[in-house]
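> Chains as they are written, first to last, in the numbering used here: chain L, 121 to 461; chain X, 121 to 461.
Because the hints were derived from the structure by calculation, they are not lab data. Treat the hints with care, since some could be wrong.
Identical chains share a label here; the pair holds if one copy fits it or two copies do between them.
[What the hints assert, rightly or not] Capping the alpha-carbon separation at 35 Å, the derived lysine-lysine pairs in DSBU-like fashion look like this:
id, residue 1, residue 2
1, Lys196, Lys163
2, Lys168, Lys152
3, Lys170, Lys192
4, Lys402, Lys289
5, Lys402, Lys321
6, Lys152, Lys244
7, Lys153, Lys230
8, Lys168, Lys192
9, Lys335, Lys289
2 protein chains.
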Amino acid sequence: MAGVSPGTVDRVIHQRNEVSPATRTRILKILKKTGYTPNLIAKSLASKKKYRIAALLPSASNDNPYWALPLKGVEKAIAEISDFNGSVDQYFFDLNNEASFIRVSDDLIKDPPDGILFPPVFPKSSLKIIQHLEAKQIPYVFIDSSLDDRNSLSYIGQDAMQSGFLAAKLICYGLRDRETILVINLARPEGIMHHLQKRQKGFISYFNTCRYDKKVRIDSLEIDLTQAGEPELHLDEYFIRNGEVRAIFVTSSKVHKIARYLKAYGKAQILLVGYDLIEENKVYLNDGTIDFLISQQPETQGYLGIMTLFRHLNRQNIPGPVQYSPIDIITAENINYYPYP
Amino acid sequence: MAGVSPGTVDRVIHQRNEVSPATRTRILKILKKTGYTPNLIAKSLASKKKYRIAALLPSASNDNPYWALPLKGVEKAIAEISDFNGSVDQYFFDLNNEASFIRVSDDLIKDPPDGILFPPVFPKSSLKIIQHLEAKQIPYVFIDSSLDDRNSLSYIGQDAMQSGFLAAKLICYGLRDRETILVINLARPEGIMHHLQKRQKGFISYFNTCRYDKKVRIDSLEIDLTQAGEPELHLDEYFIRNGEVRAIFVTSSKVHKIARYLKAYGKAQILLVGYDLIEENKVYLNDGTIDFLISQQPETQGYLGIMTLFRHLNRQNIPGPVQYSPIDIITAENINYYPYP
DNA sequence: TTAATTTCCGTGTGCGCACACGGAGAGAAA
DNA sequence: TTTCTCTCCGTGTGCGCACACGGAAATTAA
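With these hints in hand, go ahead and build the complete structure from the sequences.
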């Protein structure tokens, strides 16, 4: 159509600058008009480029089963890109042990991949890797939480503030006038708390908007679950000192620890809202102890993380620097239809 | 390795019986020993087998913009399978005109595709096509609604009963004692109402479960929007005759028609729950007139419908005869994160 | 003016497979 | 013996793309 050979068109497509501006624009115009899209099949057949992506994730322990979910999505992506000369190396670290993160990430840097997906749960150590990566021009994608002012290819995760905001809406919707809400932070002593703090901040901010039309009291509690006897100690003390509580908001997936307490002590009628669709929480959602779970499609996050990197390496368009996951509202009535598909 | 040409090996692999038993077994043995697996990429590049799928959908009119959403998913699937020798012919009919469905489906049968995706909104006429399809062994997938006792390859859509059940939970959760709920059915005079009836049935059934602990009154209203002056006529009459209403449940995506009325007549404080994330509804969700929308990822439905057929044609595993979509709960606080991705 | 570059472009090959065509050899029919 | 048919097999081409090579024309250097 442009009166040139396939080779020239190829040069335009791959931006190898050996084409005169005139023919280049002519070809580009035709490409646009005809809506040309490369045949990925033939592309990967002909190409001998093999892209290696690294996934650096917390291992899913009994202590924190959540991370099994993003891993599922990563594995789905692996199955999909392996036909297209793509591969994924998996690295795991201990979420309660920054040293393990450093060790594993050092390993990773020794054999640099073409791209890397990881949650910057340890900001300091993460910044160190990022320096290496940026020096070597290796693209990286954040999952779960983000680091501001960093040139990540993309961040894939939830809008933490807004999820807290939504939690407040759900609780207030079922509230009467002059009742008490308790916010519980199940913090680890060290590590990134930024994410959970954002959730709490979003929660509190709801009560400063016009959507809120009732009078409430909001208490808050910080409980370190690594201490013996927790969360019973703190909760017992709180309930003794204070009056009736109508609703509890837990800022993390460990809400099942609170649910267990409430059920054991006959306080299951208290509204309970927490995070994430892990097995422990499902049980308490189904028996009514937990009323709402906020979920964020972790499988899709893992999947999209790998796919975003792979598409970028293959010079395909990627969605943008921020890919917010949905803030799914899960109840006993719709839990059977998640995750999907 | 077997001392024969690639062509002969090819004949063995494809079981074209033009090979002597001796060399055949020799080749088979080598194939097994070396663990040969065909390169799927090269396979589909070289293959000239083209699978043609038909998508028979209601056209998205001003009257019913919902069907633009599944269409988006279909188009995404088209982009994906077009690299693998797959194509999709799109056929559209008028949701308010069974004759148009018959006309278009007759057209379709004249040039039979290798598989077909359609919503059986007109049961009688659908059965007729199905007879043709089954006679010709053409697989078909139901989307949106289903027909019982039919050998569809798969049904992709929501559990309608359960979605109504969930709507009841959401409404009751915000309800006080001794209040009134109004259920509105915006039925077309003819056509399939089965789906909407299931939603209503699920809604009602909630009040027979132990989860319901308040006393309510439930009224219901059938309004035919094709009649002049509706829904004002019926609603005016209802509100004059009856006392305070606390919540309204609309069983379809036309909930925005009710929202418009409520807002215009100063009744926006009434809890309003309806279906589907169409533009008209988004407006009223954002301004607070609608409190909850129940959504069903229609884009994903369209996408999965095509992909299910395509995978089946390519002898890949498909999920099963029923693929329930999630029952998404959408509020003003999380609407910005749907659809995803 | 001639030689040396540089710019721009056409051609050819191969990725792993599917499939058409045709040919050698063996056996059957004339 | 000659001709025909049938079995079994090799060869060639193309799918859509990436990429190397080299060549003609335009430009610069000598």
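> Please go over all the hints and tell whether each is borne out by the structure.
Evaluated hints:
{"no.": "1", "hint": "Lys196 to Lys163", "verdict": "both (22 Å within a copy, 20 Å between copies)"}
{"no.": "2", "hint": "Lys168 to Lys152", "verdict": "both (27 Å within a copy, 26 Å between copies)"}
{"no.": "3", "hint": "Lys170 to Lys192", "verdict": "both (22 Å within a copy, 32 Å between copies)"}
{"no.": "4", "hint": "Lys402 to Lys289", "verdict": "both (22 Å within a copy, 18 Å between copies)"}
{"no.": "5", "hint": "Lys402 to Lys321", "verdict": "both (26 Å within a copy, 26 Å between copies)"}
{"no.": "6", "hint": "Lys152 to Lys244", "verdict": "neither (45 Å within a copy, 45 Å between copies)"}
{"no.": "7", "hint": "Lys153 to Lys230", "verdict": "between (46 Å within a copy, 33 Å between copies)"}
{"no.": "8", "hint": "Lys168 to Lys192", "verdict": "both (27 Å within a copy, 34 Å between copies)"}
{"no.": "9", "hint": "Lys335 to Lys289", "verdict": "both (14 Å within a copy, 24 Å between copies)"}
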